[in-house]
Amino acid sequence: MNVAVNKTPAELAYGGILLPHARMEDWRWTNLRVLIDRPYPPRLPVDARSEDVARLLKASPFTGVARARLVFVNGEFDAKHSTLPASGDIEFSLPARFAPASDEPIIAMNQRFATGGGYLRIKPHGNIDAPIEFVLIATEDVPRTIATRHVTEIGDGASATVIETHLGHGAYLSNTVTEIRLGEGARLDRVKAEIESAKAIHLSHAHMTLGRDAVLRDFTLTTGARVSRQNGTCEFRGQGADARISGSYLLSGKQHADTRLVVDHCVPHCISRELFKCVMDEDARGIFQGKVIVERDAQKTDGKQSSHALLLSSSAEFDAKPELEIYADDVVCGHGATSGNIDENHLFYLRSRGIPEARAKSMLIAAFVGEAFETISHDGVREALTDLAGNWLTSRRSGK
Amino acid sequence: MLEIKNLHVKLAEENRAILNGVSLAVKAGEVHAIMGPNGSGKSTLSYVLSGREGYEVTQGEVLLRGEDVLAMEPDERAAKGMFLAFQYPIEIPGVATMQFLKVALNAQRKARGEKEISTPDFMRLVKDRANKLGISQDMLKRPVNVGFSGGEKKRAEILQMAVLEPSLCILDETDSGLDIDALRIVADGVNALRSHDRAMIVITHYQRLLNYIIPDFVHVLSNGRIVKSGGKELALELEAKGYAGLAREAA
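Same order as they appear, the protein sequences are chains A and B.
Note that our numbering numbers the first sequence so that position 320 is 320, with each residue one more than the last.
Note that our numbering numbers the second sequence so that position 106 is 106, with each residue one more than the last.
These are calculated hints, taken from the structure and not from any lab test.
Be careful, since some hints might not be right.
Derived lysine-lysine pairs resembling DSS-like cross-links, with alpha carbons at most 27 Å apart [stated by the list, open to error]:
1. A:Lys361 with B:Lys228
2. B:Lys141 with B:Lys110
3. B:Lys228 with B:Lys5
4. A:Lys291 with A:Lys321
5. B:Lys80 with A:Lys58
6. B:Lys115 with A:Lys361
7. B:Lys102 with A:Lys361
8. A:Lys361 with B:Lys110
9. B:Lys80 with B:Lys153
10. B:Lys153 with B:Lys228
11. A:Lys361 with B:Lys5
12. B:Lys115 with B:Lys127
13. B:Lys110 with B:Lys127
Extracted from the complex, chain A is given alone in its bound form:
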């Protein structure tokens, strides 16, 4: 059977968009032709019930953090539940100024189905202390594609913490494309929490560009969705920039999460660090694909990536594909990947001090992923996600 010709029902519903398949190099572990098992037609404008939105908003791990909140419900901006940032240094408008089309499957799908989005801009030299949270909510029970497209621009010398929280109810497909631009000397602390409905499919693409001396701290927690595929591209456009991209998976059941990151060192003297700490239980499967490109002129590049997996069951799986593509000759680059179980000696030590097994395991899981969480500079945000991670095992065992 020629899968490239025989379209799946989902593809037929997507009107000409070819879903990626396992013979495409970047998609070998995430065959969307199989994983998207039915059509997710474009969403129809449906008014979400306000109480559903309120209930889902309460599920955000960041409820205890003082922040501005930009809420998108079923693909459209929800002004009623949003609290716009007060600072004059922040500009927010609708819709986002969309980026040009692409043949990358997630972007192409987004291009076709996006119904809304936000354009957030921090004016040059504006220093915004309180985090700004984008909350993307899906409330529909009927399988639908919900797509939004956002742009975040941090002006020269400006700084901000931007959170992206994905929440929902039901079996939907969420597709989010985000363009992130950091100006000269800008700093962005970006935190993404993918805590979608357990029945959802989450597809995303974040395209990040860094100007001279810009600093990016990016962390993604992936713990929701039946299937998630998150693409990230990070391009250094000016010298002296520094990007740290981290993530953590907390997966169980039959969850499938795949991250593909491409870090492109186009200019000299930039630093990139990727660190992923992934926990898989039961039949869950995690994948990390990281590619670092060092262009011919990008001398003195310092690029490192590592991914580490903690497998809590014998049927859990983790696949790592590190790639280095180096064309310059004076660089420091490296990669590493490990995979293992909870250390029995650690577990026994904690238990011998009176800590029950489930609690001891969650402490060790929190310790394992903790290194990646250190990427989050904002204390309140980091603590909120650390708590979520610490409780993950216990809540899962008690039948979440």
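Take the given structure of chain A and dock chain B to it, following the hints.
Relative to chain A, chain B alone:
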């Protein structure tokens, strides 16, 4: 307090017998030293008592205040008052020392139906115990045992013991890797915990530690059996004759 009756243990994987009928009764307030050459089964005894996996009890029983210890999970044993000071305390990166101590203490209290300790009371308790053992605030800020020297790790074990206040302390080769100053600090820490309602089992290869922690009874373990028991003078006799000499006599 503790009764070990005819305990036979083998390594589960290798099907190799390690303990061949150990019997020992320890009463509250007593300090028992268990001495023996390498491979005699000393560490196995401590691990079996604390519930480590990998050992199979083929015969015998262990009772803690009349309760079957071998049927309990390691954390239940701890909540019942048992504490093992490890020969090689392990490093646990990412788990903060203070959090670990607090979770452990409160888990034990909860299991015993007691109220949890408040944070200020806990801080005071740890600070007080740490000062007495020469443990700095900086050490307490690090993850469990991470970056500690051999001596610091042993002191940290005694700190845990002092905070958790167990009724049965098992010290496995606590003297190994300690210089004479560190040995004195650790021994002082242990002696401070001696009391009429607390029992201790001190496992050691050398007599040296017993100059500082004076035992009430000394037992010699050889080939998985207690071959000789006596008072504190037995340790000195061992030092003079060596284990080989004693084993010949016992045979």
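Hints, one by one, checked against the model:
1. This hinted pair does not check out: A:Lys361 and B:Lys228 have alpha carbons roughly 42 Å apart, beyond 27 Å.
2. About 25 Å separates the Cα atoms of B:Lys141 and B:Lys110, which keeps this hinted pair within 27 Å; it holds.
3. Under the criterion of a C-alpha separation no larger than 27 Å, the hint pairing B:Lys228 with B:Lys5 is consistent with the structure, at around 16 Å.
4. Of the pairs offered as hints, the one joining A:Lys291 and A:Lys321 holds, with about 8 Å between alpha carbons and a cut-off of 27 Å not exceeded.
5. Restraint check for B:Lys80 and A:Lys58: the C-alpha separation of about 41 Å exceeds 27 Å, so the hint is violated.
6. Between the alpha carbons of B:Lys115 and A:Lys361 the distance comes to roughly 24 Å, so the proposed pair stays at or under 27 Å and holds.
7. For the given pair, B:Lys102 sits about 16 Å from A:Lys361 by alpha-carbon distance, which is consistent with the 27 Å threshold.
8. Restraint check for A:Lys361 and B:Lys110: satisfied, since their Cα atoms lie roughly 18 Å apart, inside the 27 Å limit.
9. The straight-line distance between the Cα atoms of B:Lys80 and B:Lys153 is roughly 24 Å, inside the 27 Å bound, and the hint therefore holds.
10. Note on B:Lys153 and B:Lys228: the hinted pairing is violated, with a Cα-Cα distance of about 32 Å set against a maximum of 27 Å.
11. For the proposed pair A:Lys361 and B:Lys5, the alpha carbon gap of about 33 Å is over 27 Å, so the pair is violated.
12. For the given pair, B:Lys115 sits about 21 Å from B:Lys127 by alpha-carbon distance, which is consistent with the 27 Å threshold.
13. Annotation: proposed proximity of B:Lys110 to B:Lys127 holds, straight-line Cα distance about 22 Å (limit 27 Å).
The structure does not agree with the numbered hints 1, 5, 10 and 11 stated previously, though it agrees with the rest.
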